[in-house]
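Each protein sequence line maps, in turn, to chains A and B.
Note that the numbering used here has the first sequence beginning at 298, numbered continuously upward.
Note that the numbering used here has the second sequence beginning at 81, numbered continuously upward.
Certain hints may be false.
Unchecked claim - Away from chain B, derived, C-beta distances all over 12 Å, residues of chain A:
#1 ILE315
#2 THR368
#3 ASN618
To be verified - Sample of chain A residues at the chain B side, in silico, Cβ under 8 Å:
#4 MET298
#5 THR299
#6 ASN300
#7 ILE303
#8 LEU310
#9 ILE311
#10 ASN357
#11 SER360
#12 TRP670
#13 ILE674
Said to hold, decoys possible - Which chain B residues stay away from chain A? Per the calculated CB distances, all over 10 Å, these:
#14 PHE99
#15 ILE151
#16 THR153
#17 ILE161
#18 GLU189
#19 THR216
No lab work stands behind these hints: they were computed from the structure.
Note that the structure is a prediction, hence the values are computed from the model and not measured.
Backbone N, C-alpha and C fix where the C-beta goes; we use that ideal spot for every residue, glycine too.
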Amino acid sequence: MTNLIILPILIPLITGAILIFLNQRITAQRVVSTISSICTIIAAWFIIQKVRTEGVQSLNVSSWDAPFGITLVSDMFSALLVLTTSIVAFFCLIYSFKSIGHEREKYYYYAVFNFLIVGVNGAFTTGDIFNLFVFFEVMLMSSYVLLVLGGTKIQLRESIKYLLVNVISSALFVIAVAYLYSVVGTLNMAHISSRINEISVNGMPGILTVIAVMFLIVFGLKGAIFPLYFWMPGSYYAPPAPVLALFGALLTKVGVYSITRTYTLFFYHDMDTFGLLSILAILSIVFGVIGAIAYWDMKNIIIYNIIVAVGVILYGVSVMNTASISGAVYYLVHDMIIKAALFLLIGVVISITGTSNLRKISGLINRYPGLGWTFFIAALALAGIPPLSGFVGKLLIVQGGFEGESFIGAFIILMSSLLVLFSVMKIFINGFWGKDRTYGVEEKAPVKRLLIAPVMLVVISALYGIGSESILPYISQAAETLLDPNIYINAVLKE
Amino acid sequence: MRKTNNIILETAIKVLLFFIVLYSVYIFTAGHYYPGGGFIGGLMTAGAIVLLLITYDIKTVEKILPVNYRILTGIGLLFAIGTSAGSLFFDVPFLTHAFGDVQLPILGEVSLHTATLFDLGVYLVVVGVTMTIIQTIGEDE
């Protein structure tokens with residue numbers, strides 16, 4: 298089927314349009330969204346299998362041949378991310394049923410939810426740099442709505458900040474794309490790569506280094522790397538748990554994906570920019586860890602852990618050898634799943650206690666052992682205790698770091714794992730151990746129903762770690778394409 | 081809202097409205113081969129409705145045009161997606177359109193293009209979204 302790789306974009310898009318008509322009928326909305334979400338997962342699964350057997354897939358939308366029209370490209374890296382996105386979205390959706398509330402559901406929550414998935418899957422799949430901007434905008438528009446929906450005071454305040462930051466970074470994005478176009482005269486990513494290759498015989502021209510840094514700023518703002526993460530702890534703190542899980546698991550990862558894609562495909566001639574990336578990645582880890590340890594609020598602790606994870610992944614990308622890139626891809630997928638699980642678990646805790654302040658809760662494990670142990674496993678997976686999924690990714694990245702003789706970074710990642718473990722164990726020890734308390738709101742919380750989604754995500758994460766042996770061929774295929782741009786270029790331009 | 085007594089605008093709009101809407105339809109169909117199309121045509125139609133809103137008030141306009149603009153947006157989206165997704169059934173790349181010259185009575189030879197249907201979707205979305213925004217802002221006052 299020619300159009301297979303567009304299905305993960307098309308299915309949520311159609312669903313979103315249909316849901317506009319159903320905004321007063323909540324059950325119908327839930328059924329339609331669930332079906333569409335499952336279909337998206339199935340489509341993404343078929344794409345992975347097709348990429349596995351037949352290599353990089355490309356689709357020239359509207360039958361305009363590359364590089365003139367818009368091309369969609371699915372290599373293993375993007376296919377894996379599309380599948381992970383679809384799975385995470387499915388569980389966030391299931392979780393929303395019991396927690397988001399009728400008010401939001403009637404105001405197009407599910408429609409916007411689907412449009413967000415359109416943007417994220419589109420950004421992962423597109424092979425055209427301007428189209429990437431378009432999908433970024435689709436994603437951002439939806440995220441503005443999800444952030445502000447409900448209209449509490451904190452949401453409105455944080456939405457303004459979030460909007461301002463993203464409008465500025467979108468403007469910079471267009472400027473960067475315009476610069477790039479004026480230098481290489483094309484927007485197709487494969488074509489850009491081959492043109493840059495032609496003009497970089499004696500090293501990459503200075504202007505391209507400038508553009509590389511501009512892209513780093515743009516995507517760094519979305520992906521929350523040091524020092525551009527300043528907006529994130531505030532903005533992500535505001536929305537309810539399922540939205541927070543979606544944002545934390547998906548939106549920053551789109552930024553990380555874009556940095557990875559542009560740096561490995563366009564700017565691999567100039568190792569200085571990779572040096573800059575590596576320094577920023579290490580600083581992200583350091584500052585993220587400091588934040589994670591310092592806070593006494595569960596949401597903030599996990600939000601700062603996003604910054605740590607972004608740093609770890611980008612450090613793997615910046616070292617740029619087989620082991621580190623495989624590790625980065627593996628860790629990226631791991632982090633999307635486990636962050637979603639952790640945010641949903643915290644959502645359950647908040648629905649029981651009504652607060653996310655650790656000083657005000659304790660002893661949850663007495664009455665909610667299932668919640669406690671799920672959180673414990675998720676915390677171990679986040680820190681990277683074998684055989685859970687965080688371990689394999691970090692191992693590969695650290696191995697890559699040592700092979701690339703970048704000892705400081707590798708050492709900092711190892712140290713950061715300990716502190717990450719400390720920061721999540723702080724939640725476990727303070728929140729789950731100790732004396733049982735009453736909170737007044739807990740009678741209403743349907744804890745068992747709410748737990749379904751995070752428990753399933755933790756199970757998936759555990760299987761992802763235990764079954765890493767059978768997943769590694771897919772990961773190394775993704776790394777192979779990232780390390781050799783010619784595979785990507787040939788698949789798109791069919792030379 | 082303050083009741084304005086703007087006799088010139090009220091008289092002029094009765095004639096102008098038809099011209100603006102007609103011209104927006106012309107722009108919409110011209111978009112096939114010349115500058116124009118669903119987006120700009122939609123904006124122009126929305127402009128005409130906004131002019132009505134300025135002259136009269138929201139309630140009067142709702143009586144003249146009892147349209148739920150959110151639903152209109154949805155219909156437009158389905159139109160646009162539907163015509164592009166039609167390519168799935170013919171196993172050609174997404175968004176690929178078909179066209180052909182058709183002999184019609186009275187009009188003579190006309191070239192028809194499925195992209196026009198896509199554009200109609202765009203037109204409806206633009207009218208729907210613009211009017212939703214303006215109505216929301218207007219209601220706040």
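Now for the hints, and whether the structure bears them out:
1. ILE315: Per Cβ check, ILE315 (chain A) is inside 12 Å of chain B; nearest 7 Å; violated.
2. THR368: Label violated. Min Cβ-Cβ 10 Å, cutoff 12 Å.
3. ASN618: 36 Å, holds
4. MET298: 7 Å, holds
5. THR299: With Cβ-Cβ at 5 Å, under 8 Å, it holds.
6. ASN300: 5 Å, holds
7. ILE303: Holds, because the Cβ-Cβ distance from ILE303 (chain A) to chain B comes to roughly 5 Å (cut-off 8 Å).
8. LEU310: 6 Å, holds
9. ILE311: The hint holds - ILE311 (chain A) has a Cβ within 8 Å of chain B, the shortest such distance being about 6 Å.
10. ASN357: 6 Å, holds
11. SER360: At 4 Å from the nearest chain B Cβ, SER360 (chain A) passes the 8 Å test, so the hint holds.
12. TRP670: Since chain B brings no Cβ nearer than about 44 Å to TRP670 (chain A), farther than 8 Å, the hint is violated.
13. ILE674: 41 Å, violated
14. PHE99: Per Cβ check, PHE99 (chain B) is outside 10 Å of chain A; nearest 32 Å; holds.
15. ILE151: 7 Å, violated
16. THR153: Non-interface label on THR153 (chain B) violated, nearest chain A Cβ at 7 Å vs cutoff 10 Å.
17. ILE161: ILE161 (chain B) not clear of chain A: closest Cβ-Cβ about 6 Å, inside 10 Å.
18. GLU189: Correct as stated: the minimum Cβ-Cβ distance to chain A is 25 Å, above 10 Å.
19. THR216: Holds, since 12 Å exceeds 10 Å.
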